[in-house]
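There are 2 protein chains.
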Amino acid sequence: MVNSELVFPAEVECAHRVPVPPSKPFSEALKANLKETFFPDDPLRQFKNQPPLKKFTNGLQYLIPFLEWAPKYTLAYFKSDLIAGITIASLAIPQGISYAKLGNLPPILGLYSSFVPPLVYAMLGSSKDVAVGTVAVASLLIASMFSKEVSASQNPGLYLHLAFTATFFAGVFEAALGFLRLGFIVDFLSHATIVGFMGGAATVVCLQQLKGILGLEHFTTSTDLVSVMESVFTQTQKWRWESVLLGCCFLCFLLSTRYFGKVRPKYFWVSASAPLISVIFGSVLVYLTHAENHGVQVIGHLKKGLNPISVTNLVLSPPHMMLALKVGIITGIIALAEGIAVGRSFAMFKNYHIDGNKEMIAFGMMNIVGSFTSCYLTTGPFSRSAVNYNAGCKTAMSNVIMAMAVMITLLFLTPLFHYTPLVVLSAIIISAMLGLLDYEAAIHLWHVDKMDFFNCIAAYLGVVFCSVEIGLVLAVSISILRVLLFVARPRTTVLGNMPNSMIYRRMDQYPMAQCVPGVFIIQIDAPIYFANSSYLRERLSRWIDEEEDKIKDKGEDTLQYVILDMGAVGSIDTSGISMLGEVKKTLERRGLQLVLANPGSEVMKKLDKSKVLEEIGHAWIFLTVGEAVGACSFLLHTCKARTVSSVNSDVLAHDNIV
Amino acid sequence: MVNSELVFPAEVECAHRVPVPPSKPFSEALKANLKETFFPDDPLRQFKNQPPLKKFTNGLQYLIPFLEWAPKYTLAYFKSDLIAGITIASLAIPQGISYAKLGNLPPILGLYSSFVPPLVYAMLGSSKDVAVGTVAVASLLIASMFSKEVSASQNPGLYLHLAFTATFFAGVFEAALGFLRLGFIVDFLSHATIVGFMGGAATVVCLQQLKGILGLEHFTTSTDLVSVMESVFTQTQKWRWESVLLGCCFLCFLLSTRYFGKVRPKYFWVSASAPLISVIFGSVLVYLTHAENHGVQVIGHLKKGLNPISVTNLVLSPPHMMLALKVGIITGIIALAEGIAVGRSFAMFKNYHIDGNKEMIAFGMMNIVGSFTSCYLTTGPFSRSAVNYNAGCKTAMSNVIMAMAVMITLLFLTPLFHYTPLVVLSAIIISAMLGLLDYEAAIHLWHVDKMDFFNCIAAYLGVVFCSVEIGLVLAVSISILRVLLFVARPRTTVLGNMPNSMIYRRMDQYPMAQCVPGVFIIQIDAPIYFANSSYLRERLSRWIDEEEDKIKDKGEDTLQYVILDMGAVGSIDTSGISMLGEVKKTLERRGLQLVLANPGSEVMKKLDKSKVLEEIGHAWIFLTVGEAVGACSFLLHTCKARTVSSVNSDVLAHDNIV
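Quick note, the sequences are listed as chains A and B, same order.
In terms of the working numbering, the first sequence has 417 at position 417, counting the first letter as 1, and numbering is strictly consecutive.
In terms of the working numbering, the second sequence has 653 at position 653, counting the first letter as 1, and numbering is strictly consecutive.
Do not take every clue at face value.
No copy is singled out in the list; a pair is fine if it fits within one copy or between any two copies.
Dumping the calculated EDC-like pairs for lysine to aspartate or glutamate here, alpha-carbon to alpha-carbon at most 20 Å [to be verified]: (1) 350 with 615; (2) 48 with 553; (3) 611 with 440; (4) 55 with 41; (5) 611 with 438; (6) 550 with 41; (7) 585 with 355; (8) 35 with 602; (9) 350 with 588; (10) 35 with 547; (11) 552 with 608; (12) 148 with 469; (13) 609 with 438; (14) 48 with 545; (15) 48 with 548; (16) 238 with 292; (17) 450 with 36.
Read the hints as simulated data drawn from the structure, not as lab findings.
Chain A extracted, bound-state conformation (with noise of 0.2 Å):
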């Protein structure tokens, strides 16, 4: 009986086959791809099996999460989001003065900023922990961005007007990704240029702040360290004693709070409250000693009352629209980076489950919300989060704690303010600025991976040499070029052979491993795609080279078969089937013959309907890498004598060789 199928004969072990799985229909196979790509956490699967009634109160729930937890809110609870609440509000206050500040806004706008958003997101927001609140790092992007086309002192209106209609625009944008389930995009900014881009900007705020500190009334617009510096030393004659001692007063006081907020976490409130004691000690100073009289800058005169309406205030007309567009999609993309890496941390710690998509409307919502209301961009940001959580908040309740704080602040304690002196506010965002300096995390890069390091430092250097934008640029290349490099240039191993045992494992990894004689295991660690499938083709011939000429130096037998453990090749495409063919054709021209152990069903599919699975005979796919090897080695030794070509085509009629 001739076989056109290879069988091996019983002594051989091969007790299973790699079938070729049933070919689904097309749409089953793409509705399940959608689901993967878009809905990898299944957010209907609380849905299934649920009468009409709860499935349309799950839906609400789903929705506006408020639903969700405020019928189970207890005193027990509020008490504690009392106490978180007004802890915030005490950080908020000072700080949403001074990030307005930077971002060359009315101050009034940080408090405006604390009062919408907090009340939105605490009714559509997953997140227990995240408090809302403007950023530095965007705020500066504004400044800087807006700051080139239109000037903040000559045309303060239309300048504020941009800034509505950027916070508005960076709010569809995330709310947009949102709904469309593109929340993975913000994955594409590596942890690594995070850290370096943050770190960067934290450097910059900090170096802007010379000009509060050092009291100058003149200074670069440009934030590179270059332009400050020689803003700082050719104008040495202009600083002012005054507002140096005040301002390095004040920063001493902040740092060593929030040196003891962190050595002690029970008195996380001792750095929390520290800024608000600073701004009105601070006033209070000047009010005495009438110092704004004797160059020390105060905040002026701030506007009683809540949120002025600015929905028509919106610039949606060219040319400045599409400034106002490119300026909220970055500051947008930025916010919502943080915004989520602070809920994912927090929803970790605490065990819960946070959905990124629906967190991105929630952070949009609020965005477009705050536009209409007279608010600039807002987020999450760490610090404030950082210290709602160690005070103990419950639910998203301390939001809006906080915005009721802020609310009775904007109706009767705004005229306190007028006297806070500007080198307070430059102090508070020194001191918090100095936290994104995560110099740590750079060096736990460098000790676990040093291309990592490479990434932040460049977006580190870029964003402190250049410009934030031109940083940002550099740190998004260079993670997407990283996955690209990630992909061109995936690893293949040589496997051997674990003592006394069928596992083969990588030779490099198990010094122990021994070659099998006559035949060559190569792993490929990676998916095959067309970026990466001409190198695997240049890479395997290199390898089987190398060993073909070792194996001619020690006068060993010569190789006859190749083995590709493809185990680890998730996927595959055209290009890397087609790879496969012409290895097999390679080798077949080289007199060996080509093996593959243990492929993934969609390899499988591939080759079947690309007809390579005919080429390569599927009598020539094993289960795992020891039954290959195991038929590999019985046709080694039964057939010493002969060529490999006339084995394999004896082979093929069985009966000659049992």
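Fit chain B to the given chain A structure using the hints.
Just chain B now, with coordinates in the frame of chain A:
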């Protein structure tokens, strides 16, 4: 004895431990990585262990492949190359003139470009089969990109000089890619998008030929389907029947010889010489009938003589230099992609090796020298190389023969082309372009990989309905996006036990694989990077949620161990490592134990350096899934009554159990 390490009793078979690899010095690791990235083919391998003189001659031969094959050149080779050279020359002359017309360049440039560049390539190129010449797509791109800013009819001098400059920049770019070993950039144009892009370009080129076939004098400068159709059907009264008739006759002749040549590859020369026969026949016909006076446009006067020097004509000053640079880079990379792919394919047929980076240098040098001698962009076009291969070429000498034939034409035969009708050129272009419409490849893509098919169609439609540039940008973006999506959404699958073995395989692929009670095994099928670590964290937690639901429904034992099969995780970065740490913590809080099986050396090294290894516990890392399941089952059975946490703490004190 209380161990800090978890130790399993002897009954649990786990013969091998997974060691932490010794850490290599940074410089060594960097060197190995750089080598893997830029020198995967190890071009210097042949120089190892050679005497200095041999090294020198080897080096010279490496740089100039001509020196390698020239000494071994025989008369038999020459005979073959002579036939092949004359055959491709008969194709090159009419095609060269046609493509130059397509690029709005003087027709003589087509002949110049088939003289100098083939000579350069014969010295430097490592392919034996590539036949050098101009290509239709690049010619069309030159016309469409330049004509937006410089009119070829109103300012022919500047237009010509810009074409030389673009060729120069293309050459520099190609050579630079080769020198910098960045050849893999070409791999990011996936085969699928190239099929679509080339098909689209061929369609567009054919559409442009309607001008020549219909004998129209005015024609749209846009290349998209809609504009061309509009242009054609608004001028129906200007169609010239003489031209149409002549065009259709020649097209029929060319297509039937093409078909004949395809069916009988032995008579390749019939289809190869058909264009030249058409040109001669057409010219004679026009000369005899004086059809040039009856609406049939002819080439007109062609200057006798060899290539004039054009090095002083390069436009190296703004504003036009930037345009030439842009056109040069875009056409350069397209030409490169075609040339490299052609070289590789034929090298595979004949089983010799091509160094992609060396080929790029050869293509680059040939274009730089070409731009100095009045040539425009050349590469290794598929059609001409296929004819060369079929004609039995043995070495690059066939290019030299072709160049000689073109030289003779330039010196003595140019007047013969005076009466060549343009419509014949159009027919030649159409007949060549139809070969690029690779609908069979598109059908193959549909069968094997729907996503690849989609890429291909998007590139095709982009080129046909928008423009060649937009189509190209679309094709590249889709390719890159696909890589990013691949990376962002790796596969995870559940493993089960293959009956009567210690083998664990994907349950969706092997229906006979069985679950192990109390243990859940997941395989991660891709490297873990920042781009997919959040996804993997969410996906893993969903897998576990679903499994727990299933177990609850069935009323089985609760889940206690989660085994991650890391065999397919070829590399990992810091985000991936922290993801594993977070998964460990999350599982711990749910009362589950994380177990790793078969991590690679990079994973082990980074786990160790980041201290995540300590958190997971070295004892919970096994060489195979089988051994991990064995250990978990042992713990489950020994201590069924106790809770997992107490079991684990007990095991820590090893002697309490045995």
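**Prompt:** Of the hints given before, which are not true for this structure?
**Reply:** 11
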